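Engineer: Throughout the sequence shown, residue numbering follows the working numbering, covering 2 to 101 in sequence.
Keep in mind that the hints are not guaranteed to be accurate.
[Said to hold, decoys possible] The list that follows gives simulated cross-link-like pairs (lysine-lysine, DSS-like), each with its CA atoms no further than 30 Å apart:
id, residue 1, residue 2
1, Lys59, Lys78
2, Lys78, Lys6
3, Lys59, Lys6
No wet-lab data here; the hints were simulated from the structure.
Keep in mind the model is a prediction, meaning the values are calculated, not measured.
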Amino acid sequence: MYLGKIVESGPVEDVFESPKHPYTMLLLSSIQATEYTFPRIKSIGSITATGEPPSPAKPPSGCRFNIRCPFESDICKQEQPILQRAGNNHYVACHLWREI
């Protein structure tokens, strides 16, 4: 969840093994890799958010994560993404999830 909107949902193993939303990737990349870490988390590397978090009282238009997202494009600023099925019981709200 980011600024009150669900950005990714699914079984823990699926989300940790194959995160689809940049915010989820950012959160998981902040975990220190250990021998117990899911392999995908180790491969994400370091993802950095840009700028400052927006005010929850005045979220940005389009995707609420767009002003901090390292993958942001024009559509992210214009349209709020809807949850899309990314796998069995795995959902993501990102316009670019198939490309990143």
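Engineer: Indicate, hint by hint, whether the structure satisfies it.
Structural biologist: Hints versus structure:
| no. | hint | verdict |
| --- | --- | --- |
| 1 | Lys59 with Lys78 | 14 Å, holds |
| 2 | Lys78 with Lys6 | 15 Å, holds |
| 3 | Lys59 with Lys6 | 13 Å, holds |
Checked against the numbered hints above, the structure violates none of them.
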